[in-house]
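Peer 1: From first to last, the protein sequence lines are chains A and B. Note that the first sequence ends on residue 436 in the numbering used here; no numbers are left out. Note that the second sequence ends on residue 738 in the numbering used here; no numbers are left out.
Take the hints with a grain of salt, since some may be wrong.
Listing some non-contacts, in silico: residues in chain B with all C-beta distances to chain A over 10 Å [as the list claims (entries may be wrong)]:
| id | residue |
| --- | --- |
| 1 | Phe287 |
| 2 | Leu370 |
| 3 | Leu372 |
| 4 | Ala411 |
| 5 | Phe428 |
| 6 | Gly505 |
| 7 | Tyr538 |
| 8 | Asp576 |
| 9 | Ile602 |
| 10 | Ala615 |
| 11 | Glu633 |
| 12 | Pro641 |
| 13 | Glu661 |
| 14 | Met667 |
| 15 | Asn674 |
| 16 | Phe677 |
Pulled a few chain A residues facing chain B out of the computed Cβ check, cut under 10 Å [as the list claims (entries may be wrong)]:
| id | residue |
| --- | --- |
| 17 | Val110 |
| 18 | Thr111 |
| 19 | Ala112 |
Calculated directly from the structure, the hints in this document are not laboratory data. Quick caveat: nothing in here was measured; it's all calculated off a predicted structure. For every residue, glycine included, the Cβ atom is placed at its ideal position computed from N, Cα and C.
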Amino acid sequence: MESSMDKRLKKRYAADRRFRIYGLSAVAISLLFLSLLFISIIGKGYTAFQQTSVLLDVYIDPEMLDPEGTGDRALLSSADFGALIKQAMRKAFPEVTARRDKRALYRLLSSGAEFELRNQVLAHPEQIGTERSIWVPADGSVDMLMKGAISRDTAESDRPLKDKQLVWIDALSSQNRLKKKFNTTFFTAGDSRDPELAGIWGALVGSILTLFVTLLLSFPIGVAAALYLEQFAPRNRWTDLIEVNINNLAAVPSIVFGLLGLAVFINFFGFPRSAPLVGGLVLSLMTLPTIIIAGRAALKSVSPSIYEAALGVGASPMQAVMHHVLPMAMPGIMTGTIIGMARALGETAPLLMIGMVAFIVDIPGSILDSSTVLPVQIFLWADSPERGFMERTSAAIMVLLLFLIIMNASAVILRKHFERHR
Amino acid sequence: MTLTLFFFLILLSLIAYFLGRKRALDLAEGDIRTLHSLPQHYGFYVAICSALPALLVLGLWTIFETSVITRLLISELPEALRRLEAGRLNLVINDVKNIAAGIIVSEDADLLSAAKRYHSLQSMSHATLAFVSLTLALVFGSLALYFMQKKQRAREHVETIIKGLLFICSCIAILSTVGIVLSVVFESIRFFKLVPVSDFLFGLKWSPQTAIRSDQVGGSGAFGAVPLFVGTLLISLIAMFVAVPVGLMSAIYLSEYASRSFRAIAKPLLEILAGIPTVVYGFFAAIVVAPFIRDTGELFGAEVASESALAAGLVMGIMIIPFVSSISDDIINAVPQSLRDGSYGLGATKSETIQRVVLPAALPGIVSGILLAVSRAVGETMIVVMAAGLSANLTFNPFETVTTVTVQIVTLLTGDQEFDSAKTLAAFALGLLLFAVTLVLNVIALYIVRTYREQYE
């Protein structure tokens, strides 16, 4: 016989177990989302690290490049290499004669093919007059077909590649002239309208320059502010105001900082648009609160006995702080700085406001050049309709996440290392 | 140019340091106990005297140089050019600068002479700057060196100056708040001169894109922001429906139930979600979640927009989960163990203790954490820019496309823009509103946290 109390107890225990399961499933749901995110990004992006190339036998015709044989580099670099590529394609498919067919044939190759050839000839001028086999990038649509992103079963009119082109592609691949190779372009090129020529190097350099400015400004100012507030500030209204301000700034939406950058740095001070300098200024204003808060926590965690002992042997307060407290707090401050930098690296919205969304092909050379940054590049590519940009977006995200993981991991390691040595 | 000057000044101050130190040692005549401070303090003192005024001038000069030269240039332009409206004038000035830099070529005599003038103004400014800052460095450095005395309180002077610098650095936070407020308020005032405040706050129609030609009748578009508020609210609400239960339950599980080893693995994994850039979430929402929701909707015969509010809100919720969970975790851990022990002593089960003792005690903190999360959801930009739409529909249906305040700020300010049009100014008015709302949410949240903290300390 079960008493009513036993029944109630059972019910209560069941409720307890249910509650526990709810909690566990909440954690599971979060982790499920996390893995879903990673799986879908990696699943979509890993193909971008390979790129389809075509092996082409090109006769490097001296008549077309350098008829007088002067060897002049300026003349060479402005020569019509596209014609050589077309000639080679015609030779590979002598049966193609109709004008429209020829054009369709040329479209199998990327417009970057001639640059590839030009670079090779400029590097080895002695090859002029010989026939060479070189790998040139295939067009983005060919690349997509090879990776299975374009299906042969769709109707011809819905396909970027027509039936004739498919026949040529099959011919090339049966001769082993079509191959997927490691995509170096992706890591060395700037942005491009053609997915097969687009790379992240320009955006990466822009990110590095921007972060450099950010670090240069926010680290010294942040540490100085933390030192003042934690060690020297008198308790009065002004310092209270500063503190409230810092806490509020940490929670201001990032896009508002972008408005500040647009109105103050660009419109008022006349700094150049799209430049890493302005991006770095805006990001350092955003990162400052993080560094100050982390710095204050680190300074607070240094035992006051250190400070007092320094005073006891005759140091001034400034000496005690600079020679003893600050060095001991440095690992904590560095951890906070790295985390702040990682956040700045992933920030997009404020940089859209200050014009870092422009389409920029060149690799930026200084903090005053127009440039873009990695997250903005991701945003731009995500907007592109071409199929080839989707995998490149995912691949760029993988690179960005890799950098973030490295930064955060180094912050964790730094913290662990110094905790042990305390 | 500026950079070279900067390094030159630094080099000068380095030399000043060694000269100052040497002079202090000379003054001491071998017995440094007769000095008030250590020799390097005298060195620092001389170095600061030489570098500080010069660097100050250099900094201010660099900041104001461009705008001053531009203004001078405009005042000397021919009458016809000067009369142009602000936007056109800017273009002309840009052309002049590009000509001066040799980026573009022009045949226009006016522009060429202006470019020449610009060039000469610029080189004059550079020469003056170099002369002034170097003179300042040399004069102040040598004065400090010349008047150095044994009993001079060099260390105290140096420390006072350093303290002053630290103080100035700490004021940057206030400066940036002031900068934010000024930049959005000024442009907003100009906007509200064009569009009345009441139209903006209570208008039901938002279509700034209609302003194609300025001479069009009614070409100023409609700036009723209510659809944006509703869209922002809808997406934030969806995000909260995801983030609050999941985040709170995860925090409860991790802090009350989980074993130490499980917690050590799960907690950092959750924090990874917080470290992922929002642009990645935006891509995820647009490429994975939105099509999935649309296809699922079609399966059940429902009409779902491909840029539905649901997709953006859902992903935003995922982004906010770690935010809610880490704040709740901290607060739940701050509830004193004695409360739990008292509850167990009365025979309550663990879940009863959590629901009836721990959560009520932690409630103010959790509420403030949720308010902070709401403020983050309201200000979140990239997810909605990439996954929510542009059309300002006034609807509460999560399957339809809505737009938000942040999306509109981005669309109004990127791409071709003429400054001073109602369209661009509207972005600043929206920014002001966004800043004000998030500020209020933060202040309330911080206030609740502060009063709550005092309760158990």
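Peer 1: Per the stated criterion, does the least C-beta distance between Glu633(B) and chain A lie above 10 Å, as a non-interface residue requires?
Peer 2: Nearest chain A Cβ is 7 Å from Glu633(B), so the label is violated.
Peer 1: Could you check that no beta carbon of chain A comes within 10 Å of the beta carbon of Met667(B)?
Peer 2: violated (6 Å)
Peer 1: Report holds if the minimum CB distance from Leu372(B) to chain A is greater than 10 Å, and violated otherwise.
Peer 2: holds (13 Å)
Peer 1: Check the non-interface label on Phe677(B): least C-beta distance to chain A beyond 10 Å or not.
Peer 2: Non-interface label stands for Phe677(B): nearest chain A Cβ at 23 Å, farther than 10 Å.
Peer 1: Taking C-beta pairs only, is Tyr538(B) more than 10 Å away from all of chain A?
Peer 2: Since the minimum Cβ distance to chain A is about 5 Å, Tyr538(B) lies within 10 Å and the statement is violated.
Peer 1: Does Phe287(B) really sit off the interface, with its C-beta more than 10 Å from all C-beta atoms of chain A?
Peer 2: With a cut-off of 10 Å, Phe287(B) remains clear of chain A, as the shortest Cβ separation is near 12 Å.
Peer 1: Given Thr111(A) as an interface hint, is the shortest Cβ-Cβ distance to chain B below 10 Å?
Peer 2: It is violated, given that the least Cβ distance between Thr111(A) and chain B is near 43 Å, above 10 Å.
Peer 1: Is the Cβ of Asp576(B) farther than 10 Å from every Cβ of chain A?
Peer 2: Given that every Cβ of chain A is farther than 10 Å from that of Asp576(B), nearest at about 15 Å, it holds.
Peer 1: Looking at Asn674(B) again, its CB stays over 10 Å from all of chain A?
Peer 2: Label holds. Min Cβ-Cβ 22 Å, cutoff 10 Å.
Peer 1: Beyond 10 Å from chain A, beta-carbon-wise, is Gly505(B)?
Peer 2: The claim holds: Gly505(B) sits with its nearest Cβ about 21 Å from chain A, beyond 10 Å.
Peer 1: Measuring from the C-beta of Ala112(A) to each C-beta in chain B, is the shortest one below 10 Å?
Peer 2: violated (40 Å)
Peer 1: Can we confirm that no CB of chain A comes within 10 Å of the CB of Ala411(B)?
Peer 2: At about 19 Å from chain A, Ala411(B) clears the 10 Å cut-off, so the statement holds.
In the structure shown, a violation is registered for the earlier hints numbered 7, 9, 11, 13, 14, 17, 18 and 19, in ascending order.
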